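Visitor: For reference, the chains in residue letters:
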Amino acid sequence: MSTPGELDVARALALPSVALAPETEELRSEVREFLAKERAEGGFVPHCDVWLSGWDERFSRELGARGWLGMTLPTAYGGHGRTALDRYVVTEELLAAGAPVAAHWVADRQIGPSLLRFGTEWQKQRYLPRIAAGECYFGIGMSEPDSGSDLASVRTRATQVDGGWKLSGTKVWTSGAHHAHAFFALARSAPVEDGNRHSGLSQFIVELNSPGVQINPIRLLTGAHHFNEVVLDEVFVPDDLVLGEIGAGWHQVTSELAFERSGPERFLSTFPLLVALVGELAAEGDRLGTEGLRDLGALVSRVWTLRRLSLGIAASLHSGAAADVPAALVKDLGTRYENEVIEAARLLVDIPPDPGAEGGFARLLAEAVLHAPGFTLRGGTNEILRGVVARGLGLR
Amino acid sequence: MSETVSETDELTAMARSVFADHPAEIADGLPTQLWSTLTELGLTQLTLPEDAGGSGGTLADAAALLLVAGEAAAPVPLAETGPLAGWLLHAAGLAVPPGPLAWAAAGKDALTVRAESDGELSVAGSLNRVGWARHATRVAVLAADQDGSDVVLSLDPTGPGVELTEGTNLAGEPRDGLRLDLRLPADEVAKAPDEARELLLRRAALSRALLLAGAAARALTRSVRYAGERVQFGRPIARFQAVQQQLALAAAEVAAGRAAAEAAARIAAASDFGGPDAGFAIAVAKARTSEAAGSVARIAHQVHGAIGFTLEHDLRLSTTRLWAWRDEDGSEAHWHTVIARQALAEGPEGLWPLLTRAS
Numbered sequence: 001m002s003t004p005g006e007l008d009v010a011r012a013l014a015l016p017s018v019a020l021a022p023e024t025e026e027l028r029s030e031v032r033e034f035l036a037k038e039r040a041e042g043g044f045v046p047h048c049d050v051w052l053s054g055w056d057e058r059f060s061r062e063l064g065a066r067g068w069l070g071m072t073l074p075t076a077y078g079g080h081g082r083t084a085l086d087r088y089v090v091t092e093e094l095l096a097a098g099a100p101v102a103a104h105w106v107a108d109r110q111i112g113p114s115l116l117r118f119g120t121e122w123q124k125q126r127y128l129p130r131i132a133a134g135e136c137y138f139g140i141g142m143s144e145p146d147s148g149s150d151l152a153s154v155r156t157r158a159t160q161v162d163g164g165w166k167l168s169g170t171k172v173w174t175s176g177a178h179h180a181h182a183f184f185a186l187a188r189s190a191p192v193e194d195g196n197r198h199s200g201l202s203q204f205i206v207e208l209n210s211p212g213v214q215i216n217p218i219r220l221l222t223g224a225h226h227f228n229e230v231v232l233d234e235v236f237v238p239d240d241l242v243l244g245e246i247g248a249g250w251h252q253v254t255s256e257l258a259f260e261r262s263g264p265e266r267f268l269s270t271f272p273l274l275v276a277l278v279g280e281l282a283a284e285g286d287r288l289g290t291e292g293l294r295d296l297g298a299l300v301s302r303v304w305t306l307r308r309l310s311l312g313i314a315a316s317l318h319s320g321a322a323a324d325v326p327a328a329l330v331k332d333l334g335t336r337y338e339n340e341v342i343e344a345a346r347l348l349v350d351i352p353p354d355p356g357a358e359g360g361f362a363r364l365l366a367e368a369v370l371h372a373p374g375f376t377l378r379g380g381t382n383e384i385l386r387g388v389v390a391r392g393l394g395l396r
Numbered sequence: 001m002s003e004t005v006s007e008t009d010e011l012t013a014m015a016r017s018v019f020a021d022h023p024a025e026i027a028d029g030l031p032t033q034l035w036s037t038l039t040e041l042g043l044t045q046l047t048l049p050e051d052a053g054g055s056g057g058t059l060a061d062a063a064a065l066l067l068v069a070g071e072a073a074a075p076v077p078l079a080e081t082g083p084l085a086g087w088l089l090h091a092a093g094l095a096v097p098p099g100p101l102a103w104a105a106a107g108k109d110a111l112t113v114r115a116e117s118d119g120e121l122s123v124a125g126s127l128n129r130v131g132w133a134r135h136a137t138r139v140a141v142l143a144a145d146q147d148g149s150d151v152v153l154s155l156d157p158t159g160p161g162v163e164l165t166e167g168t169n170l171a172g173e174p175r176d177g178l179r180l181d182l183r184l185p186a187d188e189v190a191k192a193p194d195e196a197r198e199l200l201l202r203r204a205a206l207s208r209a210l211l212l213a214g215a216a217a218r219a220l221t222r223s224v225r226y227a228g229e230r231v232q233f234g235r236p237i238a239r240f241q242a243v244q245q246q247l248a249l250a251a252a253e254v255a256a257g258r259a260a261a262e263a264a265a266r267i268a269a270a271s272d273f274g275g276p277d278a279g280f281a282i283a284v285a286k287a288r289t290s291e292a293a294g295s296v297a298r299i300a301h302q303v304h305g306a307i308g309f310t311l312e313h314d315l316r317l318s319t320t321r322l323w324a325w326r327d328e329d330g331s332e333a334h335w336h337t338v339i340a341r342q343a344l345a346e347g348p349e350g351l352w353p354l355l356t357r358a359s
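Protein sequences, first through last, are from chains A and B.
When we follow my numbering, the leftmost residue of the first sequence carries the number 1, and every step to the right adds one.
When we follow my numbering, the leftmost residue of the second sequence carries the number 1, and every step to the right adds one.
Rather than coming from a laboratory, the hints here were simulated on the basis of the structure.
None of these values were measured; they are calculated from a predicted model.
Careful: at least some of the hints might be erroneous.
Have a look at the derived ranges for each label pair, beta carbon to beta carbon [as the list claims (entries may be wrong)]:
{"hint": "1", "chain 1": "B", "residue 1": "49", "chain 2": "A", "residue 2": "130", "range": "53 to 63 Å"}
{"hint": "2", "chain 1": "A", "residue 1": "30", "chain 2": "B", "residue 2": "235", "range": "52 to 62 Å"}
{"hint": "3", "chain 1": "A", "residue 1": "357", "chain 2": "B", "residue 2": "242", "range": "38 to 48 Å"}
{"hint": "4", "chain 1": "A", "residue 1": "21", "chain 2": "B", "residue 2": "108", "range": "57 to 67 Å"}
{"hint": "5", "chain 1": "B", "residue 1": "147", "chain 2": "A", "residue 2": "41", "range": "27 to 37 Å"}
{"hint": "6", "chain 1": "A", "residue 1": "191", "chain 2": "B", "residue 2": "231", "range": "30 to 40 Å"}
{"hint": "7", "chain 1": "B", "residue 1": "305", "chain 2": "A", "residue 2": "58", "range": "55 to 65 Å"}
{"hint": "8", "chain 1": "A", "residue 1": "10", "chain 2": "B", "residue 2": "118", "range": "51 to 61 Å"}
{"hint": "9", "chain 1": "A", "residue 1": "33", "chain 2": "B", "residue 2": "313", "range": "51 to 61 Å"}
{"hint": "10", "chain 1": "B", "residue 1": "166", "chain 2": "A", "residue 2": "10", "range": "33 to 43 Å"}
{"hint": "11", "chain 1": "B", "residue 1": "271", "chain 2": "A", "residue 2": "42", "range": "35 to 45 Å"}
{"hint": "12", "chain 1": "A", "residue 1": "10", "chain 2": "B", "residue 2": "347", "range": "49 to 59 Å"}
{"hint": "13", "chain 1": "A", "residue 1": "384", "chain 2": "B", "residue 2": "298", "range": "17 to 27 Å"}
{"hint": "14", "chain 1": "A", "residue 1": "76", "chain 2": "B", "residue 2": "327", "range": "38 to 48 Å"}
Covered, in the sense of this in silico footprint (three residues per stretch, anywhere, with C-beta under 8 Å from a C-beta of chain A), are these stretches of chain B [stated by the list, open to error]:
{"hint": "15", "region": "43–52"}
{"hint": "16", "region": "159–170"}
{"hint": "17", "region": "188–198"}
{"hint": "18", "region": "222–229"}
C-beta atoms are modelled at their ideal positions from N, C-alpha and C, and glycine is treated no differently.
Take the sequences, apply the hints, and build the full model.
Guide: Below, the structure written as structure tokens:
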């Protein structure tokens, strides 16, 4: 370890301050108009944590038809050749509105970009146009019963056979696997070499209707079925469905993490509750005390700031700069913020959380409280992320 | 855009090296050598037009300079002289004299300002905690005259009719009291520019937010360095996860404060501080940097152990500023209230549009 100093800190935290282009703001207005219409027509009701729980294939196809999925993919693959900031604006509008985005979420956010970067021409042709149309849904097969934060310890094994690979093992916490068409499975294709645990890992595209795939529900503490256990028993994956290079799985998986960690979904999961809180507090009028004003002001100030940080990272990534450390920071800060909204809401408004309520504050509060434990776990626990930040600062 | 960025980068690199060559301790007087170097380089009146004796720089340059000044704990009144007093005097059509300047926005009851029959103005009352007044060649004061209209006064703090009582903030920066009972010639008074009071408060809050962002970065940098050097239990304390986690939390606060301050500076520059977007962004910037200041200072001291709590260690150069500045120009309690009132006025459906309004 060299002595950490000014350069490490400055480099680790440097981000541009982004001004969005007028075309991007125009796009925002279109999305807002569409969302208002959908809501008015009963197309959706706002919920918290919609990117886990809001599975609605009709809604995803509507977005696809409007060109709002696969936005950054080239037009040759059914994409729209738009900028990362255009996609950012569409995504944040959907999340802020509490719209149902879970069906296409994983495919649009990381499968599309990964396929574009590491996939073969045949794979791109096979999946990308349907992802952009909102018709093809994916899951992620990384975690296992004994591999959570320590991802390199995965035990799912890939054995080479004639024409492809046979995969055996168990993946867990796979959101939406019971509806999805395929998932990316990270598996050990060769033993650990020279003590380098990151070697010998590979990524495979597993189509979930393949023989030997068994999908079992893992119910959330609410009783809802979003997570699954996916058991792979000698599942044959043809060579055509190997993603990228055999043995390069670790590099491929980690190179996309900054995208996954810094988006608006890392601080907007409880935004619909904040909106409902403003509604309740505005109704109190002059009876709202100083303390209430201060707490509300803090929530508004923090989310404005998080959005600025997150936009800066999106712009950095778009220009090809590394942003692992700020991305880890945003996820730590943002997911803690999602919890702060809950704490302020329950203390400022005397309405108990009610999962059975028709809608409004009581139901949103119940959803937020019951989903909150996941916020600071998924996509890397906050403790692991602080370790990433510490490394970026030169501390380890 | 890239060209502007690189010009601003050059300016910050230059300012950094100037600050590094001079002591950051606040001694008895103003560090004259540092001040004259900054003046020669055109950094003391950076955004004032060239024909008024300034450098004609952009607001982005001015913001970058304040961030660096905060990082360096530079013991000079850069914010007061340029973006505040310099701007106020010039916008009112008064001369901007050379040398360090101070400013004050007098409340309605603080000063009595009355036009006399000979054309002069009588000024009586007191101003509290005026930054750097004892070193200023002039104090630019925004005050209400007998009709309630805002006027700008250019006062000599060492002149007759001014009684100066020295005071400081937690960082030892001059915050002086002024008792005034004097007459001002007509050419040292002018009608205030439109919205002067609001614009002045915005400029003060944004300047302070940028200085805070810089000071927070300094406290973090020093703490990271110290954790790498200090050995306990046979290894640098940086190796302990408990220490790493604390510094990562501090880094998140530093990044958040900086992002808010820089975004507000960019948004304010687009409308020369006017309009609702700039007002909201600046309120957030000061609230968020003030909020970050407390946790960053606390973690910095915890990581440094007892040595950081002593006069001999220079950690205090950043932490005492964090503690002083978070309460100056509106604490987070003040700005959170302002922000909340606006959010409530927009209502639930207006909240997201409010957050995304400025590009």
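Visitor: If a hint holds in the structure, say so; if it doesn't, say that too.
Guide: Against the structure, the hints:
For the pair residue 49 of chain B and residue 130 of chain A, the supplied restraint of 53 to 63 Å holds, since their beta-carbon distance comes to about 59 Å. Against the hinted window of 52 to 62 Å, the Cβ-Cβ separation of residue 30 of chain A and residue 235 of chain B comes to about 56 Å, which satisfies the hint. In this structure the hint that residue 357 of chain A and residue 242 of chain B lie 38 to 48 Å apart at CB holds, the actual value being about 42 Å. Checked against the hint of 57 to 67 Å, the C-beta distance between residue 21 of chain A and residue 108 of chain B comes to roughly 44 Å, which is inconsistent with it.
At roughly 58 Å, the beta carbons of residue 147 of chain B and residue 41 of chain A sit outside the given window of 27 to 37 Å. As the Cβ distance of residue 191 of chain A to residue 231 of chain B is approximately 38 Å, the hint placing it in 30 to 40 Å holds. Checking the proposed 55 to 65 Å range against residue 305 of chain B and residue 58 of chain A shows it holds: the Cβ atoms sit about 60 Å from each other. With their beta carbons about 58 Å apart, residue 10 of chain A and residue 118 of chain B fall inside the hinted range of 51 to 61 Å.
Range check, residue 33 of chain A to residue 313 of chain B: about 58 Å between beta-carbon atoms, so the 51 to 61 Å window is met. Between residue 166 of chain B and residue 10 of chain A the Cβ separation comes to about 36 Å, which falls inside the hinted range of 33 to 43 Å. With their beta carbons about 40 Å apart, residue 271 of chain B and residue 42 of chain A fall inside the hinted range of 35 to 45 Å. The hinted range of 49 to 59 Å is not satisfied by residue 10 of chain A and residue 347 of chain B, whose Cβ atoms lie roughly 41 Å apart.
For residue 384 of chain A and residue 298 of chain B, the Cβ-Cβ distance of about 24 Å falls inside the hinted range of 17 to 27 Å, so the restraint holds. For the pair residue 76 of chain A and residue 327 of chain B, the supplied restraint of 38 to 48 Å is violated, since their beta-carbon distance comes to about 58 Å. For the region 43–52 of chain B, the assignment as covered by chain A is violated, since 0 residues bring a beta-carbon within under 8 Å of that chain's beta-carbons and 3 are needed. A stretch counts as covered by a chain when three or more of its residues have a beta carbon under 8 Å from one of that chain; for the region 159–170 of chain B and chain A the count is 0, and the coverage is violated.
Note: the region 188–198 of chain B has 0 residues with beta-carbon separation from chain A under 8 Å; the three-residue rule is not met and the coverage is violated. Counting residues of the region 222–229 of chain B whose CB lies closer than 8 Å to any CB of chain A gives 5, which reaches the minimum of 3, so the coverage claim holds.
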